[in-house]
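So the protein sequences, as listed, match chains D and X. Numbered by our numbering, the letters in the first sequence go through residues 3 to 201 in order. Numbered by our numbering, the letters in the second sequence go through residues 2 to 617 in order.
Check each hint, because a few of them may be wrong.
As the list claims (entries may be wrong) - Just a few of them, taken from the derived set where beta-carbon distance is under 7 Å, the chain D residues facing chain X:
hint : residue
1    : H16
2    : T17
3    : S18
4    : G27
5    : V54
6    : Y58
7    : G130
8    : T133
9    : H184
Claimed, not checked - Some chain D residues flagged as far from chain X (calculated, every beta-carbon gap over 12 Å):
hint : residue
10   : T19
11   : E35
12   : V55
13   : D64
14   : V65
15   : L66
16   : L84
17   : F102
18   : A106
19   : E115
20   : A137
21   : V147
22   : L162
23   : P170
24   : L199
Hints are computed from structural coordinates only; laboratory data are not their basis. Even for Gly, the Cβ is constructed at its ideal location relative to N, Cα and C.
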Amino acid sequence: MAQAATASVEEHGHTSTGVSNWKVGFWTFIASECLFFGTLISTYMVYKGRAVVGPYPEEIFDVLHTTISTTVLLFSSLAFVLALHATQQGKKGIAILWLFFVIAMGAGFLYMEGTSYLKYIDYGLTLGSSTFGSAYYVLTGTHKVHVILGMVWIGALIWLLFRGRIPPAKSEQVEIAGLYWHFVDIIWIVIFTLVYLIQ
Amino acid sequence: MSTIGLETPVGREATAHHEEDTGFWSWITTVDHKRIAIMYFVAATAFFFIAGLKALVIRAQLMFPEQTLITPELYNQFFTMHGTTMIFLVAMPMAVAFFNYLVPLQIGARDVAFPRLNALAFWIFLFGGIYLNSSFLVGAAPHASWVGYATLTSPEFSPGQNTNFWLIGLSILGIASIMGGVNFITTIINMRAPGMKLMRMPLFTWMTLVTSFLLITAIPVIGVALIYLGFDRLFGTVFFQPAGGGDPVLWQHLFWIFGHPEVYILILPAFGVISDIIPTFSKKPLFGYPIVVYAGILIGFIGWGVWSHHMFTVGLGPIADSFFVAATMIIAIPTGVKIFNWLATMWGGSLKFTTAMLFCVGLLAVFTVGGLSGIMHASAPVNLQQHDSYFVVAHFHYVIVGGAMMGLWAGLYYWFPKVRGRFLDETLGKWHFWTTMIGFNLTFFPMHFAGLFGMPRRIFTYSAELNVDIYNQLSTVGAFIFGISSVIMVWNIVKSWRSGEPAPANPWGAPHLEWATPSPPHHYNFPRIPTVRSREPLWHKQERDEILAVTMPDPEEEPLMPNPSYWPIVLAAAITLSWALVMTGIWWVIALGILPVILATFMWAFEPAFPEGHGH
Numbered sequence: 003m004a005q006a007a008t009a010s011v012e013e014h015g016h017t018s019t020g021v022s023n024w025k026v027g028f029w030t031f032i033a034s035e036c037l038f039f040g041t042l043i044s045t046y047m048v049y050k051g052r053a054v055v056g057p058y059p060e061e062i063f064d065v066l067h068t069t070i071s072t073t074v075l076l077f078s079s080l081a082f083v084l085a086l087h088a089t090q091q092g093k094k095g096i097a098i099l100w101l102f103f104v105i106a107m108g109a110g111f112l113y114m115e116g117t118s119y120l121k122y123i124d125y126g127l128t129l130g131s132s133t134f135g136s137a138y139y140v141l142t143g144t145h146k147v148h149v150i151l152g153m154v155w156i157g158a159l160i161w162l163l164f165r166g167r168i169p170p171a172k173s174e175q176v177e178i179a180g181l182y183w184h185f186v187d188i189i190w191i192v193i194f195t196l197v198y199l200i201q
Numbered sequence: 002m003s004t005i006g007l008e009t010p011v012g013r014e015a016t017a018h019h020e021e022d023t024g025f026w027s028w029i030t031t032v033d034h035k036r037i038a039i040m041y042f043v044a045a046t047a048f049f050f051i052a053g054l055k056a057l058v059i060r061a062q063l064m065f066p067e068q069t070l071i072t073p074e075l076y077n078q079f080f081t082m083h084g085t086t087m088i089f090l091v092a093m094p095m096a097v098a099f100f101n102y103l104v105p106l107q108i109g110a111r112d113v114a115f116p117r118l119n120a121l122a123f124w125i126f127l128f129g130g131i132y133l134n135s136s137f138l139v140g141a142a143p144h145a146s147w148v149g150y151a152t153l154t155s156p157e158f159s160p161g162q163n164t165n166f167w168l169i170g171l172s173i174l175g176i177a178s179i180m181g182g183v184n185f186i187t188t189i190i191n192m193r194a195p196g197m198k199l200m201r202m203p204l205f206t207w208m209t210l211v212t213s214f215l216l217i218t219a220i221p222v223i224g225v226a227l228i229y230l231g232f233d234r235l236f237g238t239v240f241f242q243p244a245g246g247g248d249p250v251l252w253q254h255l256f257w258i259f260g261h262p263e264v265y266i267l268i269l270p271a272f273g274v275i276s277d278i279i280p281t282f283s284k285k286p287l288f289g290y291p292i293v294v295y296a297g298i299l300i301g302f303i304g305w306g307v308w309s310h311h312m313f314t315v316g317l318g319p320i321a322d323s324f325f326v327a328a329t330m331i332i333a334i335p336t337g338v339k340i341f342n343w344l345a346t347m348w349g350g351s352l353k354f355t356t357a358m359l360f361c362v363g364l365l366a367v368f369t370v371g372g373l374s375g376i377m378h379a380s381a382p383v384n385l386q387q388h389d390s391y392f393v394v395a396h397f398h399y400v401i402v403g404g405a406m407m408g409l410w411a412g413l414y415y416w417f418p419k420v421r422g423r424f425l426d427e428t429l430g431k432w433h434f435w436t437t438m439i440g441f442n443l444t445f446f447p448m449h450f451a452g453l454f455g456m457p458r459r460i461f462t463y464s465a466e467l468n469v470d471i472y473n474q475l476s477t478v479g480a481f482i483f484g485i486s487s488v489i490m491v492w493n494i495v496k497s498w499r500s501g502e503p504a505p506a507n508p509w510g511a512p513h514l515e516w517a518t519p520s521p522p523h524h525y526n527f528p529r530i531p532t533v534r535s536r537e538p539l540w541h542k543q544e545r546d547e548i549l550a551v552t553m554p555d556p557e558e559e560p561l562m563p564n565p566s567y568w569p570i571v572l573a574a575a576i577t578l579s580w581a582l583v584m585t586g587i588w589w590v591i592a593l594g595i596l597p598v599i600l601a602t603f604m605w606a607f608e609p610a611f612p613e614g615h616g617h
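Bound-form chain X, shown alone (with noise of 0.2 Å):
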């Protein structure tokens, strides 16, 4: 007992435990939360390029004024899918992929609580994302920009199915989100291993807990917005259509009491993650962790008495303005807390600069400057200039990409090794970090400029005598850069997977109980179930020996694993059909498509998810 450590090298190689399937049905059929999540990180990571390389002929197209090298509709479609596919299919599901990994290892289970349900989001978001995208191969992408006010969206503005596409892509997505947010909500509430109380729970852990609570609310209001919205442009409601009396106000409410949560349901999961990696490479405790799990819940709260600080413009007069002026000052404390506990755990710590510290540390910095922009428009008079222009691009690209995005790139480097057993190239990754850095920087910085010099965003082209040029052209290049840092992390990807550097059960000497599992974790996790009685329960060295005589050792017998399905993704593929089916218009056609559900909702329900004769 005495030879396993967390030093010892535990890769699928040395240890000699039950073989695995690893064919192509194995994953199409499995249910294992871990693969689910390498499925959800290849997807995100397609996505991301896909919206990437369409960010880039945004750029080409506006590095000169008055420039034709796309035509306006098409710039359109280009900006809206950008935005769509970054925040639905890149940032969340991103962030989806870490929580599928991590949460149950963090917590000490051997799975989420409902493995079927888990593949069955995976794949509909996945469909739903081919199914958003396929607009192109029609001719059809969506056109109305990633908010999709009305009225651009009605039928008189926007005639054709472009942005049925979008209506009823999100709806798809919807499910997806609201059946993660379920599962992980019951998973952390009712699945912890001994002694992991909440207040003991890794912060990632808590980000996530918050984030789902996020998820099941906030998705249905956009839910049913999009419902109103298909319905004003196939059935001929009047939700929307002032011609009728209805009122285009209330999309904009609808959507930004969505909108909003939303915000932090991207941001939250990466201040989970470097809550968890900057105590690591600072050999010391989280300061104030339970402030840090405060702030984070109450951001959660806060994040929705806010929504109408993105409708200054629209003039709902000086009481509603000054109740969402002082809310959204009011959030930022919770976020500036969280700042200085990550700074008071630096301090003092003898600090490591891995590739994932400066993601951490990078995030820091950019974060907080789209803070301090956040701040600028927070106030209204200020916001009515800002409104719109590139100063507000330049604000969320700071705090998405700045925040959202690197802390999951800091998550990447950190918890790669346990995925596969082998480190990512550091030197590839340093070069990935300053590479992004600087293409970052160099893109989004300009744009505050370009913005207050009057730049409209979601405009093809701008004049010359407007005298943006330059800021256009270093946001250009920029892009490309960061473009490069993007292909540097693929590269690096591939090739530390194949022949990255061996990793053992815990190479970072971090503290929580997904690191004391072998790299790669056996696909039931836990041989048995270890008891907790700390926050970082492998940093006291009692814990850690008698929590690792349960982890690490290969059991007698293995534990029983619900079986694979090939139920979800069929049942999947039905949802999907059946949604798309929608743009007919015609309700038999509707009401057909519903049929494939229903029955493959019954063949899932009667088949047993545990092998035979164990009588679940």
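Okay, chain D solo, but in the shape it has when bound (with noise of 0.2 Å):
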């Protein structure tokens, strides 16, 4: 009966790395994603100037509004963090105000990335123009679809927060889809890198 001190470890709230199951498994799920958005990149880096036919991405790609989409991007990140420390200390209107800047900004990417979409049309670029066109929209799409998926959560927190079911000892699940919303933004940092800044 010696165990019977050490029988109830497994309350809730305990592991064996002290880390919660759902963090650890968030960070594998994004570990995943990295291989996931790895082979995508890999890809528009394996056919980077074999295109037979324009137009090319030195033809069409606007660095400075691209430039401009990226930090509207970025600076829903640090709207985020603020989101978290607002749930953190119970201060759940700044957080649904700042869950709100997210989404705007993520709108706002969406929205500018958008209309480089429409512009490359116009120029001729489409799914099948070339291997170019696939491959960056295939990859780039991806990325949308990605953001959109995080807005569509950030929107369920927010209806969370104003139910009040996310008090600070919960915070987590705020902490969480920031895990996401931040991993979204860092690859978008390494698209931009390798897609738009070395051409």
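Two chains, two frames, some hints: make the complex.
Right under this line is the structure:
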């Protein structure tokens, strides 16, 4: 019966590493996502400069435009950090406000990128026009799907905060959505660098 | 307390614990890892018979030269679906069945980290498998082989829905695999009992961890490749279309960057199984435990650097070829190390040849044959001769059937008493083993010769002038014997499930924690969580007594377990439906298909995971 004292260590919240299951699981998922985007980005790099018909990247990319949209997306991460901080402090109104900013900036990013897409299509770059078109649209399109999913998730968090279902003790729910959002931002930095800056 | 020992039969009948609901709906809504494991096993066995029947038709067609039993088109569908089913719907989920049942029990946890996610992964796998096989009902089964090389899969050469079924089916299954990988990594890293350090974990749990890492890293790569293929076929991209500047070799790279780790996803669980069984029936601890662990991890790493040995005939150039030759030969080393560790475990042990042990020893023999032929075509010049011949077919059946499947069958005989509280019949078991050994070797050994004499794979017939008739006839006879062995196995399972000899808690005198529970275990596994102090906790008398005092008595109050839920099956159906709608190629239909997924996800997220009032 010497074990009686230690027998209840599996109580809620206790784990072998001290980090919650949700966090370990989500980091594992992010590792998986790294390989996912790694494959998409590698494909773009492999096909870089091998398109046989135009338009070519250097003809159509507007680096200034994309720099602005990138900046907007990066600042959304800052807003998210502040939202998490407010959640941990129990200031749910402020948290909701910052999360709205995150969604707004995500929408701004999507809007700017959407206008770029329309411009590229005008130039004649489509999914099937060349390997550049295929690799570019599927890579950046997949990233946009991730941004949209993140916005849906944050929308759900806003609703939960509004209903008072995320007290400071459960702020990890916001933190994990933040891990996702920051990851999506970081991936965009890699894409921005490799696709737009290093032409 | 002294009456509770390992030898006391503690079956469901012997303990008067809480009545569990066993009706149909309780299985549909279960989140219990043990029940999910049983469902995985049953589903995988059903798919095993579906794919096995295809193999028998293939063997019947090949028994004599220039036969026309089935059309070339149907033959293509059969070998494609045989391979696809055996790998994605049999070998992988069969291993996952063992992960599910054993990992929480072996590390001293009450369930996996995410029980509902676990159920979701199972239902997605099942629906994905049914979707993939439903292609036969509309006469459009995949027909471009399990590797689906571009440009055989291009809209130009594969019009119709055949390849769409394949790429969408595999995408659905990939989702389930990643969910499983995330779940088991989290469970093993985070939910170990006190004292269960990483280097005290049973080898099976270790290999589950390595396999899970391979799953979460390899599956995304084929996921992207399948997305490219789907876009090529449905939305006109040119990733693999030479006419648009695309490179078909890119498909091969992406496929095999996934495909080779996949080989280790298949074999490592079997290595884990026999690493647990051989010590038990040798009455000795595993020889060189840390070395076996490190070898398994090393295989996982190097497995990432050998993919192009599937592509020597592509002409990647001498530098690339040399690198992959070297890497491939290097990966044989940790595998060889493991073989010697198992042999050294048996050396000087007091061996007991139960059916489980026979399958382990059988694995050592036939897997080594497959390993040796693997080293033969690791050499690029030799490989050029063997590529796409029956020699390769012989090789990979020796490693996948002779390695992965034999290991899992060993596990079946070993852990069945734990699952059911009854033994599998040993006499039928030995029939199963020997018919498997004879049938398997008779089927696949002659294929080495047929291949070396020039018989190509994936061709619906062969010329009499090739002089490979006799090898094909031996293979066909062997295949039918192998088929009979599988019937014996199922007969044994059905019979023993109903009326097998009752088994005690630890019938084999095994050392690990799963044997410190009644057979079958309570749905909460452990009334209280034991503390572990060594690698073989049940082999040290004092430690064993302490553990059993914690794990065997019924608790005053049952531990709190997660609620059953029907959202996993609903969400899985929604996900499968949304992917299936991609076949239409109409963007707004596809977009609409996402709505039920989002809806079911929200319903799931807002449903309490634990009973009300316990504030989780």
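Looking at D64/D again, its CB stays over 12 Å from all of chain X? holds (23 Å)
Would you say L199/D is clear of chain X, with no C-beta pair closer than or equal to 12 Å? holds (23 Å)
Are all C-beta atoms of chain X more than 12 Å from that of V147/D? Per Cβ check, V147/D is inside 12 Å of chain X; nearest 10 Å; violated.
Answer holds if the nearest beta-carbon of chain X is closer than 7 Å to that of T133/D; otherwise answer violated. Nearest chain X Cβ about 5 Å off; hint holds.
Could you check if S18/D really has its C-beta closer than 7 Å to a C-beta on chain X? Hint on S18/D: holds, closest Cβ of chain X at ~5 Å, below 7 Å.
Over 12 Å to the closest beta carbon of chain X is the bar; see if A137/D clears it. Given a closest Cβ separation of 7 Å, the condition is violated.
Interface-negative label, L162/D against chain X, beta-carbon threshold 12 Å: Non-interface label fails for L162/D: nearest chain X Cβ at 9 Å, not farther than 12 Å.
Could you check that no beta carbon of chain X comes within 12 Å of the beta carbon of L66/D? holds (28 Å)
Would L84/D pass as off the interface with chain X, using Cβ distances and a cut of 12 Å? At roughly 24 Å from the nearest Cβ of chain X, L84/D sits farther out than 12 Å, so the non-interface label holds.
Quick check on G130/D please, does its C-beta sit within 7 Å of some C-beta on chain X? Interface hint status for G130/D: holds (4 Å vs cutoff 7 Å).
Does V55/D clear chain X by more than 12 Å, comparing its Cβ with all Cβ atoms of that chain? violated (7 Å)
Claimed clearance of chain X by F102/D, with the beta carbon kept past 12 Å: For F102/D, whose nearest Cβ neighbour in chain X is about 20 Å away, the distance exceeds 12 Å, so it holds.
Hints 1, 6, 9, 10, 11, 12, 20, 21, 22 from the list above are not met by this structure, while the remaining hints are.
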